[in-house]
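Participant: Sequence:
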Amino acid sequence: MDDKQIRDRITDMVEQERALRDRLAQGALTTDEEHGRLAEVEAELDRCWDLLRQRQALRDAGADPGTAAARPARQVEGYQQ
24 MDDKQIRDRI TDMVEQERAL RDRLAQGALT TDEEHGRLAE VEAELDRCWD
74 LLRQRQALRD AGADPGTAAA RPARQVEGYQ Q
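Each residue of the sequence shown is one higher than the last, beginning at 24 in the working numbering.
Just so you know, these hints were derived from the structure itself, not from any lab.
Glycine is no exception: its CB is placed at the ideal position from the N, C-alpha and C atoms.
Among the hints, erroneous ones may be present.
What follows is a list of derived Cβ distance ranges for each label pair [claimed, not checked]: (1) HIS58 / ARG94: 18 to 26 Å; (2) ASP45 / GLN98: 18 to 26 Å; (3) GLU57 / ARG97: 40 to 48 Å; (4) ILE33 / ALA86: 21 to 29 Å; (5) GLN39 / ARG94: 15 to 23 Å; (6) ALA86 / ARG46: 23 to 31 Å; (7) GLY85 / THR53: 28 to 36 Å; (8) GLY101 / THR34: 24 to 32 Å.
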């Protein structure tokens with residue numbers, strides 16, 4: 024994935040997050056369903072942001088950003104802010 028594709032994916036995931044919250048507010052979704060799906064969306068967002076940061080770090084170091092790889096959710100979820 025290139026940077027644009029990653030950013031597009033982030034935009035899609037943010038839209039999904041908003042839609043989930045709207046559906047919950049409308050009563051079309053249970054709290055448990057919303058929490059489960061939100062956890063998935065948030066993990067995917069973290070993975071996308073991590074990949075984008077990896078690509079930028081490689082670019083800054085003069086390396087090929089195409090060598091960056093998405094890391095597992097359990098790894099990026101453990102990072103400190």
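Participant: Which numbered hints turn out to be false for this structure?
Facilitator: 2, 3, 6 and 7
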